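Enquirer: Sequence:
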Amino acid sequence: MSKPDVAAVKTFLLALQDTICQGLERADGLGRFVEDAWTREGGGGGRTRVMRAGKVIEQGGVNFSHVYGDAMPASATAHRPELAGRRFEAMGVSLVIHPHNPYVPTSHANVRFFIAEKEGEDPIWWFGGGFDLTPFYPFEQDVRHWHSVAHELCQPFGDDIYPEFKAWCDRYFYLKHRDETRGVGGLFFDDLNRWPFEQSFAFMRAVGEGYLAAYLPILVRRQDTPYGERERQFQLYRRGRYVEFNLVYDRGTLFGLQTGGRTESILMSMPPLARWEYDWHAEPGSAEALLYQDYLKPRQWL
0 MSKPDVAAVK TFLLALQDTI CQGLERADGL GRFVEDAWTR EGGGGGRTRV
50 MRAGKVIEQG GVNFSHVYGD AMPASATAHR PELAGRRFEA MGVSLVIHPH
100 NPYVPTSHAN VRFFIAEKEG EDPIWWFGGG FDLTPFYPFE QDVRHWHSVA
150 HELCQPFGDD IYPEFKAWCD RYFYLKHRDE TRGVGGLFFD DLNRWPFEQS
200 FAFMRAVGEG YLAAYLPILV RRQDTPYGER ERQFQLYRRG RYVEFNLVYD
250 RGTLFGLQTG GRTESILMSM PPLARWEYDW HAEPGSAEAL LYQDYLKPRQ
300 WL
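So the sequence shown is numbered by numbering that gives the first Met the number 0: it starts at 0 and just counts up by one.
Simulated from the structure, these hints should not be mistaken for lab results.
Since the model is a prediction, treat every value here as computed from it, not as a measurement.
Just so you know, not all the hints are guaranteed correct.
With a straight-line cut-off of 30 Å between C-alpha atoms, the simulated BS3-like cross-links for lysine-lysine are [to be verified]: (1) 117 x 2; (2) 9 x 117; (3) 296 x 175.
Model the full structure from these sequences, guided by the hints.
Expert: Put into structure tokens, the structure is as follows:
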């Protein structure tokens, strides 16, 4: 098995953060990301970049982090006992974009690398990541475009990769207590070391670089769609589901908090505004009902 090039992964991730921030700033036209560098007491740190009150983006964050330490948290080694007693490094880029306009979907992407080493033994390493789309007033054209980009970037790695990681995304971004998916999915993968390091790294790069191609055409197409207070209130209500998922199920949030990551940076994925309403149901036949009826369950989009 080829030896992991940790420095090359870090170089790519830092450049990816720059590229995505620049692309989103150009698309927004007004907003700018403000950087907040941080360090972790146990080792490592990161660059948090946040945009607030842009023309299109109400709030968004694009984070790079690289943390390391002499031992994994007990919660992690309980599920992966082979990691006990190993020093570890974890690095990645994670982003969430919450637009103003309810007709522009929220989007999320993440690519990451983990390695655990011990003297005299082979390293344990893997890649993870993906991207997913959370529309409020969905358009099938947009969803098909999103999944087409995902499909195309997977093709060089095998015909079975898109179906596998698309299905994994549908399972992962699922709110069991609501019996609904968080959105319309995309790709999700973790523990990826089935290929040699270089091929695994190439796939992670393809996913990270595919995000802007998947999202920016949708953002540009929908950013000027007229909307009113009804649509805004529904957007805020559905953002509550985003909060529920991130606090109850998201593995990245849990790992970051357990390893002593910077709380503000970990929770930058939260929307700036959200609302909950007791036992709310969409009016039958409404645009809001269409979301629940046709989009918040796994579908084959291509």
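Enquirer: Now, for every hint given, state plainly whether the structure supports it.
Expert: Evaluation of the provided hints:
As the CA atoms of residue 117 and residue 2 are separated by approximately 14 Å, the hinted pair is consistent with the 30 Å bound. Annotation: proposed proximity of residue 9 to residue 117 holds, straight-line Cα distance about 21 Å (limit 30 Å). For the proposed pair residue 296 and residue 175, the alpha carbon gap of about 12 Å is at most 30 Å, so the pair holds.
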